[in-house]
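Engineer: Residues per chain are reported as follows:
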Amino acid sequence: MFDQLDQIFVTLKHLLMGYVPERWQPLVSAVISIALIPVIFPGLFSIVTILERKGLGRIQNRPGPNRVGIPFTKIRLAGFGQFIPDGVKMLTKEDIVPRAADKVVHFLAPVVMLIPVLLAYSVLPFGKNMTIADFDAGVLFFFAVGGAVEVSVFMAGWSSRNKYSLLGAMRAIAQMVSYEIPLILSAVTVIMIAGSLNLSEIIAKQNHYTAGIAHWYVFTPWGFVGFILFLIASLAESNRTPFDLPEAESEIIAGYFTEYSGFKFALFFLAEYLGMFAICTLGMTLFLGGWTAPFACLTWIPSWAWFFGKLLAFVFLFIWIRGTLPRLRMDQLMNFAWKFMLPMALINIVAAGVWHFMGADSLRWVYSGGILAVAYALLGRGLMNKQKLGKRTYRYAE
Amino acid sequence: MTPLQICLLISALLFAIGFAGAVTRRHAILALVGIELMLNAANLNFIAFWRYGAHPEALTGVLFVIFSIAIAAAEAAVGLALVIAIYRHYKTSNLDEVKELKG
Amino acid sequence: MSLPFLITAIVTLFAAAAAMSLRNLVHCALSFVVVFAGLAAMYLQLGAQFVGFAQILVYVGAVAILIVFAILLTRSGETPNQAVIAPGWFYGIAISAVVFTMLGWSVLNSKTLPKEIAAAPETSVKNIGDVLMNKYVLPLELIGLLLTAAMIGAVIIALKEPSKTDNAGRKS
Amino acid sequence: MLGEQIIKGMAVTAKNFFGSYVSKERLTTVEYPEVRLEPKENTRQFPFLVFDGDDAEKGLRCVACQICEKECPPQCIYIVKSKDKKPDYKGQMQVYPVTFDIDISVCMSCSICVEVCPFESIKMDTEFELSTDDRFDGLLWGKKKLAKPNSHYHKVHAQDAKDSDAVLAAEKAKAEAKAKAAAEAKVKAEAEAKVKAEAEAKAKAAVAAAPAPTPPPATPPAN
Numbered sequence: 003m004f005d006q007l008d009q010i011f012v013t014l015k016h017l018l019m020g021y022v023p024e025r026w027q028p029l030v031s032a033v034i035s036i037a038l039i040p041v042i043f044p045g046l047f048s049i050v051t052i053l054e055r056k057g058l059g060r061i062q063n064r065p066g067p068n069r070v071g072i073p074f075t076k077i078r079l080a081g082f083g084q085f086i087p088d089g090v091k092m093l094t095k096e097d098i099v100p101r102a103a104d105k106v107v108h109f110l111a112p113v114v115m116l117i118p119v120l121l122a123y124s125v126l127p128f129g130k131n132m133t134i135a136d137f138d139a140g141v142l143f144f145f146a147v148g149g150a151v152e153v154s155v156f157m158a159g160w161s162s163r164n165k166y167s168l169l170g171a172m173r174a175i176a177q178m179v180s181y182e183i184p185l186i187l188s189a190v191t192v193i194m195i196a197g198s199l200n201l202s203e204i205i206a207k208q209n210h211y212t213a214g215i216a217h218w219y220v221f222t223p224w225g226f227v228g229f230i231l232f233l234i235a236s237l238a239e240s241n242r243t244p245f246d247l248p249e250a251e252s253e254i255i256a257g258y259f260t261e262y263s264g265f266k267f268a269l270f271f272l273a274e275y276l277g278m279f280a281i282c283t284l285g286m287t288l289f290l291g292g293w294t295a296p297f298a299c300l301t302w303i304p305s306w307a308w309f310f311g312k313l314l315a316f317v318f319l320f321i322w323i324r325g326t327l328p329r330l331r332m333d334q335l336m337n338f339a340w341k342f343m344l345p346m347a348l349i350n351i352v353a354a355g356v357w358h359f360m361g362a363d364s365l366r367w368v369y370s371g372g373i374l375a376v377a378y379a380l381l382g383r384g385l386m387n388k389q390k391l392g393k394r395t396y397r398y399a400e
Numbered sequence: 002m003t004p005l006q007i008c009l010l011i012s013a014l015l016f017a018i019g020f021a022g023a024v025t026r027r028h029a030i031l032a033l034v035g036i037e038l039m040l041n042a043a044n045l046n047f048i049a050f051w052r053y054g055a056h057p058e059a060l061t062g063v064l065f066v067i068f069s070i071a072i073a074a075a076e077a078a079v080g081l082a083l084v085i086a087i088y089r090h091y092k093t094s095n096l097d098e099v100k101e102l103k104g
Numbered sequence: 041m042s043l044p045f046l047i048t049a050i051v052t053l054f055a056a057a058a059a060m061s062l063r064n065l066v067h068c069a070l071s072f073v074v075v076f077a078g079l080a081a082m083y084l085q086l087g088a089q090f091v092g093f094a095q096i097l098v099y100v101g102a103v104a105i106l107i108v109f110a111i112l113l114t115r116s117g118e119t120p121n122q123a124v125i126a127p128g129w130f131y132g133i134a135i136s137a138v139v140f141t142m143l144g145w146s147v148l149n150s151k152t153l154p155k156e157i158a159a160a161p162e163t164s165v166k167n168i169g170d171v172l173m174n175k176y177v178l179p180l181e182l183i184g185l186l187l188t189a190a191m192i193g194a195v196i197i198a199l200k201e202p203s204k205t206d207n208a209g210r211k212s
Numbered sequence: 283m284l285g286e287q288i289i290k291g292m293a294v295t296a297k298n299f300f301g302s303y304v305s306k307e308r309l310t311t312v313e314y315p316e317v318r319l320e321p322k323e324n325t326r327q328f329p330f331l332v333f334d335g336d337d338a339e340k341g342l343r344c345v346a347c348q349i350c351e352k353e354c355p356p357q358c359i360y361i362v363k364s365k366d367k368k369p370d371y372k373g374q375m376q377v378y379p380v381t382f383d384i385d386i387s388v389c390m391s392c393s394i395c396v397e398v399c400p401f402e403s404i405k406m407d408t409e410f411e412l413s414t415d416d417r418f419d420g421l422l423w424g425k426k427k428l429a430k431p432n433s434h435y436h437k438v439h440a441q442d443a444k445d446s447d448a449v450l451a452a453e454k455a456k457a458e459a460k461a462k463a464a465a466e467a468k469v470k471a472e473a474e475a476k477v478k479a480e481a482e483a484k485a486k487a488a489v490a491a492a493p494a495p496t497p498p499p500a501t502p503p504a505n
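Just so you know, the protein sequences line up as chains A, B, C and D, in that order. Here the first sequence is numbered in the working numbering, starting from 3 and rising by one per residue. Here the second sequence is numbered in the working numbering, starting from 2 and rising by one per residue. Here the third sequence is numbered in the working numbering, starting from 41 and rising by one per residue. Here the fourth sequence is numbered in the working numbering, starting from 283 and rising by one per residue.
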């Protein structure tokens with residue numbers, strides 16, 4: 003019974019395909035699976051915005067939104083109706099385009115940002131054989147398309163013809179580029195060990211259980227370090243605190259989308275959250291076994307339930323981090339990326355190599371764990387005592 | 002007009018556009034962009050020959066393109082660094098005015 | 041030839057022509073991104089999946105941003121008011137036309153081109169990796185070396201020499 | 283180590299997050315329209331006129347002396363005096379205001395009028411939900427809307443109300459004492475006047491009895 007529940011969406015789709023004439027089947031099947039993405043994830047986005055506001059509220063000892071309910075009735079829905087007025091407000095706000103702005107590029111920027119993010123969803127596995135396009139080089143496609151977001155950030159920053167948004171765009175691009183390298187390197191360790199770029203195979207490799215515990219990569223020394231690096235890099239990649247300098251209110255107004263309002267701003271907002279979900283899903287697939295259950299006894303829960311559960315756990319972690327950590331200054335941010343994350347990711351690859359070639363005896367835990375512990379201590383201390391927050395030296399501004 | 006010939010024609014036209022751009026535009030960066038376009042046209046040639054060529058399992062075309070992409074990226078980086086250095090020294094990036102040989 | 045391939049080819053060619061002829065440099069750079077994306081789509085349609093993704097990753101992700109940064113660092117983001125085309129532009133166009141016709145002629149009636157359309161070769165990342173590691177391991181190491189050298193070289197060239205006083209006499 | 287402080291910070295926020303669901307006193311937000319806080323003792327929003335007894339017209343303490351009108355910084359009080367008089371709490375005949383308007387939209391709740399009022403007749407109310415859809419009549423309050431019984435004053439500012447009542451009572455007692463003293467003085471004056479009148483009457487009778495002698499020397503005027 004549980005297997006049917008697990009495969010319910012796949013069987014549903016086959017059922018639908020039955021009605022479609024033979025000639026149109028590939029097209030219709032593609033359309034069905036593609037149509038699901040812009041339905042499910044923006045829905046998740048709206049729920050997550052409320053979770054975020056309620057979560058941040060509760061962290062600061064205040065209840066968060068709890069007013070909006072079903073109109074003309076007393077039901078309050080504990081605030082979960084909040085996204086309807088937010089959405090209506092966002093859509094009905096006037097869409098101001100600055101006079102000096104470069105109209106075409108200003109209009110294209112949010113669209114060009116949304117396209118790569120939605121493309122990235124085609125590769126991610128949402129459940130057992132529930133992947134839209136199971137490419138052979140899935141991870142490479144994800145990072146390739148993920149990298150294309152920076153072009154749209156630049157377009158947004160430059161086309162608003164506003165010094166602050168250009169500076170914000172430059173900072174955002176510099177941050178994204180410098181955190182993309184540790185992101186890819188920490189993913190490379192998983193690809194190296196799993197031996198394939200295909201996400202379904204990576205999950206298949208993690209889908210075994212010994213003594214009831216899953217073979218997730220996060221339970222290995224290099225996997226744990228890789229997961230932490232991936233998490234930090236994905237925080238920076240999706241411009242979330244503590245790396246949200248480019249769009250911090252206190253810094254340069256709203257960074258590259260200062261001159262956007264109304265629907266275009268909503269698109270940027272949506273693209274940022276969809277990007278966050280996508281990068282969380284990839285992190286979960288690489289290190290936490292995608293849709294597999296953590297313990298053998300829990301495999302009866304359907305795979306897509308595990309998927310959305312883990313995704314919400316990731317989202318809660320991001321909200322929790324956003325409620326805690328202060329914002330990093332630009333030079334600290336860059337220092338951290340180039341002087342800690344990058345060397346740590348390289349050493350992590352070495353540790354994964356040692357792990358792979360030392361066979362299954364327990365000694366490899368000592369070696370691989372040892373390399374990483376030593377590296378962490380040295381790099382950490384190097385970065386910490388360098389933080390003698392002395393007078394900052396500027397290279398250009400005298 | 003076999004598909005191979007169509008691909009070769011497209012890449013030849015792309016090469017010609019890149020060459021024309023590199024030659025006629027005054028700005029240094031546009032010259033680099035033109036060269037980049039020519040390189041990409043060559044890559045398209047390789048893939049076309051690999052796809053419609055005699056024995057595609059040898060993967061020579063694909064590998065050649067991978068190496069060519071890497072080299073082109075490195076060349077673009079160094080080229081643009083040069084353009085920035087020239088701009089900083091001559092305060093202009095207009096190729097016609099960058100004529101002196103003195104360092 | 042499949043229709044989508046032709047459409048992508050036409051889009052790429054138009055974007056390339058635009059990249060070479062637009063006045064505002066940033067518009068050139070953005071249409072250049074369209075050229076890269078179009079080429080990547082053409083590679084995917086020709087079956088070279090790995091190369092298509094690599095093209096997007098390297099070009100659309102990195103080189104485009106590099107070009108755009110270079111444009112901004114040399115302060116040429118604004119539409120220039122003086123002439124954009126070099127004086128001898130006519131000869132440039134003429135030579136490139138000659139190049140194109142010569143290439144086209146050689147393509148159209150060369151005897152040695154394989155006529156029959158071979159089946160689409162099924163390549164997976166695994167055998168690209170195998171060939172890369174077995175037959176072409178030397179070029180792979182050299183590419184690694186070259187990329188590191190290029191990166192360090194680019195940084196040194198673009199770095200502002202702290203000691204040299206720039207032409208205004210101030211210590212730059 | 284590098285990550286130590288981050289873990290500590292996260293632990294604190296986690297405690298806050300889960301604490302706010304478990305213990306109620308962490309969550310200090312008062313959900314305003316449903317749950318209301320008692321206004322503090324010296325809350326002051328907008329002035330109101332106090333009247334004794336139950337009839338606003340008769341018991342109004344205000345005697346239209348217009349001091350508050352002159353002192354009010356934004357000049358938002360407008361008083362028109364009445365022609366006739368009515369007795370105030372001391373029984374003295376005083377003028378009363380025919381119209382006493384305060385423009386609530388102009389009033390800045392500085393309570394200077396309360397300080398300068400010699401008759402304890404204008405006090406600050408704690409009512410703040412005054413939004414109306416009409417800017418002119420809605421916020422230009424007349425005497426009828428401003429007048430509130432002394433019991434309301436006691437309910438709103440208990441301590442101040444007691445002090446003000448004590449002042450009024452003392453004032454009244456002094457006034458009565460003065461009135462009593464005046465009454466006694468009057469009684470004594472009448473008694474003297476009567477005694478003097480009798481003395482003169484006797485003196486005149488004596489003169490009438492012996493008309494021949496010369497007129498009596500000028501008697502010093504009785505003061």
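Treat the hints loosely; a few may be bogus.
Unchecked claim - Each pair of labels, with its calculated beta carbon distance range:
(1) D:F300 with A:P23: 52 to 58 Å
(2) A:F310 with D:G285: 37 to 43 Å
(3) D:Q287 with C:L182: 40 to 46 Å
(4) A:W302 with D:Y314: 45 to 51 Å
Rather than coming from a laboratory, the hints here were simulated on the basis of the structure. By construction, the Cβ of each residue, glycine as well, lies at the ideal position given by its N, Cα and C atoms.
Engineer: If a hint holds in the structure, say so; if it doesn't, say that too.
Structural biologist: Evaluated hints:
1. D:F300 with A:P23: 52 to 58 Å: Roughly 56 Å apart at Cβ, these two residues keep to the hinted range, so it holds.
2. A:F310 with D:G285: 37 to 43 Å: violated, 29 Å
3. D:Q287 with C:L182: 40 to 46 Å: Between D:Q287 and C:L182, where Cβ atoms are some 45 Å apart, the hint holds.
4. A:W302 with D:Y314: 45 to 51 Å: holds, 47 Å
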